[in-house]
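Please build the complete structure, drawing on both the sequences and the hints.
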Amino acid sequence: MMDISKQTLYQEITDKLKNVPKEVLEGISAYLSEIDENKEHINFELSEEQKESLSKIQERPYSEHTEINIFLNEMSEKYGI
1271 MMDISKQTLY QEITDKLKNV PKEVLEGISA YLSEIDENKE HINFELSEEQ
1321 KESLSKIQER PYSEHTEINI FLNEMSEKYG I
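Note that the working numbering has the sequence shown beginning at 1271, numbered continuously upward.
Since the hints were derived computationally from the structure, they do not count as laboratory data.
Just so we're clear, the structure is a prediction, and the values are computed from it rather than from any experiment.
Any given hint might turn out to be false.
Claimed, not checked - Once the Cα atoms are required to be at most 30 Å apart in a straight line, the calculated DSS-like pairs of lysine-lysine come out as:
(1) 1276 <-> 1309
(2) 1309 <-> 1292
(3) 1326 <-> 1348
(4) 1321 <-> 1348
(5) 1348 <-> 1292
(6) 1292 <-> 1276
(7) 1288 <-> 1276
(8) 1321 <-> 1309
(9) 1286 <-> 1276
(10) 1348 <-> 1309
(11) 1276 <-> 1348
Pasting the structure below:
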């Protein structure tokens, strides 16, 4: 049985995904599978430059955000991830 905080988080995620296209859901599912397969590598530390970059992204208005594939390509090119 899930505790209240897990139920709330699960419900928030479920609500956000209700109207997401199938292709996006498939990408999310693949991403979650990858996380599950590599759990032992989850405890990593971001560099200060990476933290600053993510902070700037977080502060942008939603209208300026990019598609996830574009974002991942940019991060891959910049940080080799």
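For this session: Would you pick out the hints that fail for this structure and give their numbers low to high?
Result: 11
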